[in-house]
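A.B. asks: On the provided structure of chain A, position chain B as indicated by the hints.
Residue numbers (the working numbering), protein chains in the order written: chain A, 42 to 388; chain B, 140 to 487.
Treat the hints as calculated values from the structure; they're not laboratory data.
Quick caveat: nothing in here was measured; it's all calculated off a predicted structure.
Within a straight-line C-alpha distance of at most 30 angstroms, the following computed DSSO-like cross-link-like pairs (lysine-lysine) qualify: (1) 178/B x 450/B; (2) 236/A x 460/B; (3) 303/B x 333/A.
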Amino acid sequence: MSKLVEVKNLCVDYITFNGRVRAVSDVSFHINQGEILGLAGESGCGKSTIAYSLMRLHRPPALISEGSIEFEGRDVLAMDDDQLREFRWKETSMVFQSAMNCLNPVKTIEYQFWDIFDAHGLVSSRDESIEKAKELLRIVDIPTERLFDYPHQFSGGMRQRVVIAMALALKPKLLIMDEPTTALDVVVQREILQKVYQLKEQFGFSILFITHDLSLMVELCDRIGIMYSGKLVELAPAKQILSQPLHPYAHGLGDSFPTLHGELQEMKGIPGTPLDLQNVPPGCRFAPRCFKATAACREQEPQLLQANEQRWVACLEPLKIASQAQQPEPLTQSHSEPSETTCAEAL
Amino acid sequence: MNTATQSSLLSDQEQKQQFDSQYPLVLEAKNLTIDFRKKRSSLFGPKEYLRALNGLDFQLRAGRCVALVGESGCGKSTSAKIATKIHKASEGAIYYKGENIDTLTRSEQLAEYRREVQMVFQDPFSSLNPLHTIRYHLQRPLQIHHQLKPGKAMDEMLVELLTKVGLTPAKEVLEKFPHQLSGGQRQRVFLAKTLAIGAEVILADEPTSMLDVSIRIGVLNLMNEMKHEMGKAFLYITHDIATARYFAEDIIVLYCGHMVEWGSTEAVTQNPQHPYTQLLLAAVPDPSRSIHEKLPTQRSMETPMWSPEHKGCPYAARCPKAMAQCSQGLPEPKELEPGHFIRCHLFV
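Bound-form chain A, shown alone (with noise of 0.2 angstroms):
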């Protein structure tokens, strides 16, 4: 498999009256063609901001400071303002949060998707693109006379499958869905889950899935990144992150979801709260709410390394799984970070 995205060494900052926070942290990963990966942490660990840096769709306070996006070889920082709206929806197109808040409550779904087709130069009449928006409709299971209809007229479950259908428009690489069906209820998720999947299989492109949900996203998706406080702390194929973490975040996740079958026990979750990123502690991010913390940890941050052939994890005291044999070695060099002495030391 070859890759379509290629994210090296990202660090996104937010300029504040206080200063830089910087909210995504050296962060390395890449999508391969036809791949589902799954992001996946709490509220304000940067997943968002990554989706948005991915289509350079941050704005101001947000910054990026380092690193490289490379999408199919082409560096997507170095893109000027046509090529950007080129690439744009052509190539990536994304599905937001919340489908009540990205459709215009003024226009026509019809019109909507005429917007789209217009703007990228696609269709030469209006019927033209009705055919073609019709043509979408049917592939997201909405009866095509509800084209003319307003956002308002449809359930929150349709919206979000207008949405899709806009995303999927113009036969882009890359799908980025940021918590898409957070706001839903279980069976409409899973309705538009298997939908979604059904179309990656039929058009073959790459999804980059963003939740807080770790049991849905263990179902949906090929790889899962987890991350914490801006660092991408462990990456590993979906089906190994619940049974086997490795970091004792991933083991702590695994943990807060109480389960339909099997006994009934006290769950623990995680303790204590997310870090402040505008005072960000020297060593491990994660230390003060880890069972696991050591000294070291308080002092020395760790980095992404990689575990066994498809794992990688960025912790100095890994939870042990059965097939760890291999020696852990760098997977990226590290940037100008003010642990990276005491860090290659220690390596």
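C.D. replies: Chain B only, in chain A's frame:
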């Protein structure tokens, strides 16, 4: 003698009495039905109604929790709004300690009822006033409902309240504004407020759905503590059936304002019999399952808008096992096993 053999020696009557004294009945809803007026289709057309709830019964007992589960628009929140007297039931009524709440009209009676029945809202980001400190939010109910004056005694009480809900250091938290707290902490402040007022019944309307997963369990554990140790009665409204299993003793599955299956949580979640309950459980994300498993439903239409004129089972249009009589009339409730009820033509 262990408890199992002891209880088998007691007659049913005595067992019931023991249950009643251990978990006294606080709030009871009987045949709760509510109709909302719709906009008329034409100026001179007939009045049209939407039936949001149809014959809902539940009993809230001190130290126990009832969960209301169902999809959006099924009437879960409406029932809590009737219990807080925001809406008035068209038929049926709610009884608080044996008294119909519609007969509470004197202001002292109303104040007492509102003091003892409190609601916790879904969105902790908009339910606290952003312009006031946590101290203000907790002081006001004490001043209004308990006529306490700010001072040293009040301060000690506030610190004790915040410590109870796990917000420490309490003195610092008191001076913070809501925006300085995380979602889970804000929901804890809200629970502290219900404790400050002295609520006996807490109607929790999706209290954890806006919180991060890692924090959700903490809030559920706190509510569990309030239930077991302080003997509060809970109505837990949610669409997350897994957390309902974790927190509630009894569960009611609602569809379109109708109770379709209800009983003890373990019986309903481990042995679901109604096709809708089976659908709900099949849709819950489960890492051990695959996304490709087909849901046991046929999506022939959206959830119907129920009106008083409608007949039959509301789920008939989506039910894969629907029969001819399903659209004729609503089946009577049937007890499948002790404490597990169902309303379905398959079990008549």
